[in-house]
Amino acid sequence: MFYREAGQFKTSYQADQALMPIRQDRIGLAAILLIAFVAIPFFANDFFLTSIMIPFLVFSLAAIGLNVLTGFCGQLSLGTGAFMGVGAYAAYKLTTIFPDANVILMVLLSGVFSAGVGAIFGLPSLRIKGLYLAVTTLAAQFFLEWCFIRIGWLYNYNASGAIEIPHREAFGVVVSGAESSPLVRYFIVLTITVGIAMLMANVLRGRIGRSWMMIRDMDIAAELMGIRPLQTKLLAFAVSSYICGVAGAMMVFFWLNAAEPSSYSIQLSFQVLFMVILGGLGSLAGAFMGAAFIWILPVFLKFIPGVLGFDVAAEAVEHVTFMIVGALIIFFLIVEPHGFARLWQIGKQKLRVWPFPY
Amino acid sequence: MNALVSEKELSPAAAGAPAAGEELLRVDNVSLSFGGVKAITNISFDILEGEIRAIIGPNGAGKTSMLNVINGFYHPQEGTITWQGKVRRKMKPYEAASNGIARTFQNVALFKGMTTLDNIMSGRSLKMHKNFFWQMLWRGPAEAEEIEHRKKVEDIIDFLEIQAIRKTPVGRLPYGLQKRVELGRALAMEPDLLLLDEPMAGMNLEEKEDMSRFIIDVNQEFGTTIALIEHDMGVVMDLSDRVVVLDYGKKIADGPPEEVQASQAVIDAYLGVSH
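Taken in sequence, the protein lines are chains P and A.
To convert, count from 1 in the first sequence and add 3; that's our numbering.
Counting from 1, position 150 in the second sequence corresponds to residue 136 in our numbering; the numbering is continuous, with no gaps.
Isolated chain P, as found in the complex (with noise of 0.2 Å):
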């Protein structure tokens, strides 16, 4: 009823192409935008910032660049979580070995190399495609887990072979270490979580997406078109895992404050995986419903018996949670293969033609 397109005229192609040429989306999205920057921090308490909110805006962030990726170019890659170490362990020798540059800087300057490094690791994805690419992107998962526990340099010789994320300051403001606010963190998270996000939504409805995508639909056609597969699939390797590398280093910096090389292993990777395709593969807004969905549906499951006044035994509860969750993961993939991207699609064409069945 009140999601219509109905009188809104588009008079050009600008318009016509807009991200979101309806009105109402518009509105949502500045809605969502406003709830973020001005209404949780104003609300939320600590626990919400950084169990909740902290963890789900890097997981989606983890999501988009894998979604660059498998959803958007169609090579499967099961090296997100290796991908998203190389990001956190770039960010700390780089704040070690620079200790007065801005450490939002640094985080953001780490997601190069786990960008080169993903390039090398998607070299395969020329000859390899489909199910035998994902086996030699787990290569890459155990080489470099390798590389974080052997080579020390990487964490500074640390005896507990963890990295530990010293104090830092941005901007007079503490922003990583044990002290840091959990609101400092969360807007830093946030901004570039969502910076990044735009950012990406704008390149993949341009000539770069649209390549990508040919590359998934039809290789051969694509080839013959003119796209260079091996430059196109590089490009979209090195794109996606310059932002795992990104959500991988906030990690660490906004949210664990210390990691281990078991930080980032392959349950990571499948972990990020299952975000993506419960959300939706090639869907931004898919990325972030399914994070939300894989990350904060346990953590309020797990609240329920407490809130209803059953008194039921902690690994009780973590047990129930996950089987819950896991039905539900399910029943959804039964009901929508396509994810949460799609069902919401479909729910927005329902409510478009509302109250005709069509």
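It should be emphasised that the hints constitute simulated quantities derived from the structure, not laboratory data.
Be aware that a few hints might be false.
[Said to hold, decoys possible] List of simulated lysine to any residue pairs, SDA-like, C-alpha gap at most 25 Å:
(1) P/LYS305 / P/ALA317
(2) A/LYS98 / P/LYS305
(3) A/LYS153 / P/GLN17
(4) P/LYS13 / P/ARG26
(5) A/LYS98 / A/ILE133
(6) P/LYS351 / P/ALA21
(7) A/LYS116 / P/ASP222
(8) A/LYS137 / P/PRO24
(9) A/LYS153 / P/LEU22
(10) A/LYS78 / A/SER17
(11) P/LYS353 / A/LYS153
(12) P/LYS353 / P/PRO24
(13) P/LYS353 / A/ALA150
Place chain A on chain P using the hints.
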């Protein structure tokens, strides 16, 4: 655009189309084999500027392989390809595309997840140059470039009469329209040579007539040279200026449609010979 269009009108030769000009492409003694299987044996022919050149032959004659050689997807073991006066051992796909060779496919090879508009825009990829940085910002040069090419694409959409399906993902379109979008995608490359691999396969009579009209219009209005593979002999004989006939990877006839039609070798290839 309807069934009343007479055969005479459909034929460019009868309509007084200008005779074909200079040589655009020539293949000389091209042979292609996959292991022991000889797909193409020692074939030579030329394509003149502005003509519609048909390549016909029974199934497995090597027609599609020939197109794949021309746009660089297969690399022949022997022979040369002369494109716009330049002699090459083989073509490369990128080279062929950027030198103005576009094609459509026998089995529709559209980008299924993208809309009609995006599919045709993808044909402009080689003509768009704004780099990653500008693409990220969008506002400014990247957007201006996008709009500039969008105008060209809208002309093609108008020409092919597919305005209504502009924003529909092509995976949802019926087959006949998909073929038309594929033609649009190839046209968006503004090619000098357009390779059409069975543009009318699986179409009904009306769709075939539409497609024939589009092909003639492309040839006459845009001056695009067309190489066409088609099994519908009526269409081939009406549309083409000259015909190459292949059988078992060998050339068995070459010439104007009437001449080829009368050739004993062609009749034998299609109808079989008693031994």
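Verification of the supplied hints:
Straight-line distance between C-alpha atoms of P/LYS305 and P/ALA317 comes to about 9 Å, which keeps the hinted pair within the 25 Å bound. Distance check on the hinted pair: A/LYS98 and P/LYS305 sit about 42 Å apart at the alpha-carbon level, beyond 25 Å; violated. With a CA separation close to 15 Å, the supplied pair A/LYS153 and P/GLN17 stays within the 25 Å bound. With a C-alpha separation of about 11 Å, the suggested pair P/LYS13 and P/ARG26 falls inside the 25 Å cut-off, and the hint holds.
Annotation: proposed proximity of A/LYS98 to A/ILE133 holds, straight-line Cα distance about 23 Å (limit 25 Å). Distance restraint check for P/LYS351 and P/ALA21: the Cα-Cα separation of roughly 18 Å lies within the 25 Å cut-off, and the hinted pair is therefore satisfied. With a CA separation close to 22 Å, the supplied pair A/LYS116 and P/ASP222 stays within the 25 Å bound. Restraint check: the Cα-Cα separation between A/LYS137 and P/PRO24 comes to about 18 Å, which is no more than 25 Å; the hinted pair holds.
The hinted pair formed by A/LYS153 and P/LEU22 meets the criterion: a straight-line CA distance of about 14 Å does not exceed 25 Å. A C-alpha spacing of about 17 Å is found between A/LYS78 and A/SER17, which places the hinted pair at or below 25 Å, so the restraint holds. With a C-alpha separation of about 17 Å, the suggested pair P/LYS353 and A/LYS153 falls inside the 25 Å cut-off, and the hint holds. A distance of roughly 17 Å separates the Cα atoms of P/LYS353 and P/PRO24; the hinted pair therefore holds under the 25 Å criterion.
Between P/LYS353 and A/ALA150, the direct Cα distance comes to roughly 20 Å. Compliance with the 25 Å bound is thereby established for this hinted pair.
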